[in-house]
Each structure stands twice: as C-alpha cells, then as structure tokens.
Amino acid sequence: MRRPASCARRGQIQFGETIMVVVVIVFILIVGIVFYFNASRNSVEKQIRTVDQAQSMTVVNNILSLPEIGCDPSVTTGRCVDLLKLEHLASQIDCGSSDPTSKYYCSLFGAGLVTITIVDAPQTSGPTTILFYNSSLPNSTATDSQFRFTTVYDPVSGEQLFAYFNVSRYQRGASFG
Amino acid sequence: MARHFSRPALGRAGQIEIPFHWIFALVGGFLFLLFFFVLIRSVVTSNQQQDTADLSLSVQTILLNALTKPGEFTVSDLPSASYRFVCERDAAGILSYVRISQGSYDPSQLRYVPFFGPSVVAGDQLFTRTVVWKAPFPVSPVLLVSNNRTQYVFVASAGSLNMVRSFIQGEGLDGFNTLVISSTAIGAVKDEGFDQYRFIFFDGFADPGKAFKNATALNIQLNSDGTSGTLTFYDNLSCAGSCGFGQPRASPTVPFVGTAMLDAAIFSQDSRTFSCGFAKMTERLNTSVTTLIGRIDDLRDAAKNGAVPSQCVALYDQTEPLLGQYLTNPLGAFAPTGTNPSVAQQIQTLQRRLAAEGVCPGAY
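Taken in order, these protein sequences are the chains called A and B. Okay, so the first sequence: first residue is 1 according to the working numbering, each after it adds one. Okay, so the second sequence: first residue is 1 according to the working numbering, each after it adds one.
Everything labelled a hint here was simulated from the structure, so no lab data went into it. This one's a predicted model, so the numbers in the text were calculated from it and none came from an experiment. Using N, Cα and C, we set each Cβ at its ideal position, and we do this for glycine too. Treat the hints with caution; some may be incorrect.
As the list claims (entries may be wrong) - Residues from chain B that face chain A, not an exhaustive set, calculated with beta carbons under 10 Å:
# : residue
1 : Y112
2 : F137
3 : I168
4 : T287
5 : D298
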C-alpha cells in the first residue's frame with residue numbers, strides 16, 4: 001500500500017532528528033567516558049607513585065633500623081651503618097634461595113633494588129656504590145628512585161662517611177601509558 | 001462491583017484447585033527472592049572478608065613499622081575487634097599470623113616478625129614496643145605487643161621492689177598497664193575489670209587467693225649478673241569461684257639471656273609461643289654471627305696490611321672461634337662451663353680489651 005508523499009517526508013525528518021539526538025548523546029557519553037578514564041588513570045598512577053615512594057622510605061627505615069648492621073654505640077649514638085657489616089650482610093641475601101636469612105630480608109624489603117653510595121670513600125677518593133639488595137619480579141620495571149642520606153662508619157679507617165641510599169621498587173606488568 | 005481476581009476453588013471430593021498462573025507467580029516469586037537473598041549474602045560475606053583482610057594487613061603494617069622504631073612505645077587505634085596472634089612451630093616450620101575472624105589470612109604473614117604478646121588482643125588499641133636483643137652484640141629486634149585491656153602485675157619481695165621498678169622503667173615497659181606489688185600484699189590485688197591478667201614473679205610463686213580473668217603467670221629466677229636466668233610459665237590460673245591459683249600447670253623451665261629476652265617472656269602468652277618467637281630470633285642470631293665473622297676476617301686482613309694496628313690481630317684471632325660457637329650451639333654460648341665464663345661473657349671481655357687498646361676497631 002502506498003503512503004501519501006507528504007506524510008513520508010515528515011516521517012523521515014522526524015526519524016532523522018531522533019538519530020541526531022541519539023548520536024549527540026552517544027558522543028557526549030563517549031567523551032565523558034574517555035575523560036573519566038583518563039582522570040581515573042592519572043589518579044591511580046599518582047596513588048601508585050605515592051605508595052611506591054612511601055614503600056621506598058619504609059625500606060630505608062627498615063635497613064637503618066637493622067640491629068645487625070648498626071654501628072658500635074661507643075662510636076656513635078645516632079643512626080649509623082657499619083660498612084663491613086653492611087657488605088657482609090649483603091653477601092648473605094639471595095632472594096632466589098630458600099634459606100631463612102634470605103627469606104627474612106626478602107619478605108622485609110619486597111621487590112626492589114637498594115644501593116648505597118659513599119660520597120667520599122677513602123679507598124677510591126670518590127663515590128663508591130655498593131649493591132645491598134636486589135629482588136626483581138618477572139616482567140617488571142623499576143620505578144623512580146628515592147634517596148635518603150645517612151652516615152656510614154668505616155671501622156678500618158675509623159671514619160664516619162657521608163652516604164646515601166638509593167631505593168627503586170619493581171612493579172609487575174606494563175604501565176598504563 | 002464485580003471482582004476480577006480468581007479464587008482457589010473447591011473441586012470435586014474437596015480438592016483445592018489453583019490456577020496455573022498462581023503457581024507460576026509463587027515459584028517465580030520464590031526464585032526471585034532466593035536470587036536476591038543469595039546475592040546480598042555473598043556481597044555481605046565478601047565485604048566482611050575484605051574488611052578482615054584489610055584489618056589484618058593494617059595490623060601487619062603496624063607491627064612492621066614498630067620494628068623500625070627500636071626503643072619507642074607506640075599506641076595504635078584500631079577498629080574494635082578480637083585479634084588473635086599466632087606463632088606455631090613444628091617439624092614443618094613456623095606458621096605465624098594475625099587473624100581477626102574466620103576470614104582468609106596468610107599463615108606466613110608474620111613468619112619473620114619476632115613478636116611476643118597475649119594470644120588474643122581484644123579492644124580498640126594496640127600497644128607496641130621494640131627492644132633489641134643483644135648476645136652481647138645486637139642480634140634482633142624484639143616486638144612486644146599488648147593492649148589497653150591487659151594488666152601486668154609484677155610481684156617481688158619487699159627488698160626487690162625498687163629493682164623491679166627500675167627494670168620496668170629501664171626497659172620502657174611503663175607505657176603498658178603495670179602494677180608493682182610486694183609478694184606479701186598479693187592478696188590485695190583487685191580485679192579492675194581487665195580482660196587478661198599477667199602475674200610476673202621475681203622472688204617465687206605466690207597465690208593471690210582469688211581468681212582473675214584469663215590469668216597467666218611467669219616465674220623468673222635471676223642469676224647474679226641480673227641479665228640471665230631461668231623462666232617458668234604457668235597457665236590454668238583462672239578457676240571459678242575464689243579458689244585462687246590452686247594447682248597451676250607449669251611448663252618446663254627454660255633459660256633466658258639478656259633483658260630483651262626477659263621482656264619477651266613477660267609478654268608471651270605461654271612457653272610454646274615464647275619458644276616459637278625465640279626460634280625467629282635464633283635465625284637472626286645465625287645471620288648476625290656470620291656477618292660478624294666476615295667482618296672480623298676483614299679487620300684481621302686490614303691489620304696484616306697495616307691499615308689497622310697489628311696488636312689487634314691477636315684479639316681478633318681469639319674472637320672468631322668464639323663467634324663460631326654460636327653457630328654450632330646457640331644457647332650453649334650463653335651458659336658458663338664450670339668456672340669458665342660463657343662464650344657471650346668472653347666476647348664481651350674481648351670487646352672491652354679491644355676498646356682499651358684505643359686503636360682497635362671493636363669486634364661488633
């Protein structure tokens with residue numbers, strides 16, 4: 001059955017308006033979703049960075065409070081690390097092994113990389129970096145480094161040396177970007 | 001006015017006839033309600049488990065942070081709940097965790113944290129204090145855990161009361177709920193409504209003559225040096241009525257060395273949890289000794305190369321085999337053999353001699 005021409009034309013126009021409204025609404029929704037997703041991503045990335053920084057500082061605090069590497073109280077009363085103890089403790093930590101010593105430190109420090117740089121080492125007359133701890137995760141990337149200054153006591157020279165800890169955390173998986 | 005709903009009709013021989021759409025509505029409605037009931041129940045259970053896991057993680061974080069603050073007493077506010085601290089040791093190893101309810105938990109959560117406290121800490125506050133165990137070199141942090149609803153009653157003879165007060169102050173235990181009382185006045189101790197009572201006897205066990213809620217006791221026999229001795233744990237102290245401690249069940253006597261180990265015993269629920277926590281500390285002892293042996297080797301090499309005065313070599317030579325004895329028999333290193341001082345005392349003496357030389361770096 002054929003419809004009158006005027007009716008068909010009016011119906012087509014009304015249908016087109018509806019489509020336009022739907023398209024505009026969908027467009028606004030898509031823009032909103034993209035905007036919301038970006039905002040959420042930035043917020044999550046910021047939170048992850050904050051947590052990483054806090055964890056890095058906790059790791060340094062944990063290291064500085066280890067009684068097994070602390071200085072002799074007769075040498076210094078403040079927080080200080082004995083260089084030889086630090087080196088020998090570092091040589092005992094292997095996160096791939098199953099001995100209780102390694103498991104203890106690896107559970108305490110988590111996945112990360114910790115080095116200590118002695119700014120003016122007497123042996124080298126320049127900066128010396130010691131790898132204290134390294135426990136990486138598969139398919140992980142290291143985050144930004146955190147630095148913390150401290151004092152290191154060298155029992156051989158009897159000197160207290162200026163040094164800093166450099167802590168990076170490992171994060172599993174790809175980043176958002 | 002005509003009614004449109006259909007009514008169950010009595011059929012032949014008293015049978016009730018229900019139209020099919022009613023049955024459909026009843027079954028459908030039941031399934032609909034069941035679906036929402038199951039959904040809400042699973043959401044509530046999941047939320048409870050999540051809350052429990054979050055709380056458990058919070059407690060773990062508090063304990064780990066407390067470990068980084070040796071010498072500090074901290075009070076942490078927590079949601080009111082019953083926190084069960086567990087440290088179990090068997091042939092398979094050590095299981096150690098904090099559990100809030102029947103929800104999920106990690107049995108190895110606190111595996112490497114040497115904590116000592118009541119098995120159940122109920123309430124909204126967690127007290128922690130970290131001390132360092134020395135043997136005589138620093139070995140391990142010792143985390144003391146308690147709450148605002150546990151009372152520690154120190155009982156000693158009248159002549160020892162000042163010594164006990166100094167010990168409490170020196171070890172920083174005065175932040176906890178402590179009470180120091182003479183053994184002759186133990187009957188005057190009042191039940192102040194605490195959840196748990198811990199009696200610590202310095203000069204022999206004494207019965208207060210009345211029951212206290214969840215009461216346990218520790219009897220300390222101090223050696224002449226004041227920092228070592230033996231410990232006897234007592235449980236089964238809470239009996240109904242006014243029967244006092246009656247016939248307490250005593251654990252086998254165990255030795256202790258160092259005030260940090262004594263603190264640990266004071267806060268331990270019983271001998272089992274004490275030995276479990278001590279096993280964690282012993283693991284740290286092995287690490288510390290291995291570290292110190294390597295350090296002594298380096299110092300001796302430095303002395304041979306002239307970087308450290310040569311007179312130090314003889315003292316380092318004496319120190320190293322003594323340290324090695326900790327690896328073979330950790331507890332034996334603290335016990336004097338006959339008239340000879342213990343290995344720990346010999347190392348302390350060598351440390352003093354190295355310091356007296358004025359030019360030799362210490363052994364630890």
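Quick rundown of the hints versus the structure:
Look at Y112 of chain B: its Cβ gets to within about 4 Å of chain A, closer than 10 Å, so that hint holds up. Satisfaction of the interface hint for F137 of chain B is found here, the shortest Cβ-Cβ separation to chain A being roughly 8 Å, below the 10 Å cut-off. Of the supplied interface hints, the one on I168 of chain B is violated, with its beta-carbon coming no nearer than about 22 Å to a beta-carbon of chain A, more than 10 Å. For T287 of chain B, the suggested interface contact is upheld, since its CB lies about 5 Å from the closest CB of chain A, less than 10 Å.
With 10 Å as the threshold, the beta carbon of D298 of chain B comes within range of chain A, its nearest partner Cβ sitting at about 5 Å, so the hint holds.
Of the numbered hints given earlier, the model fails hint 3 alone.
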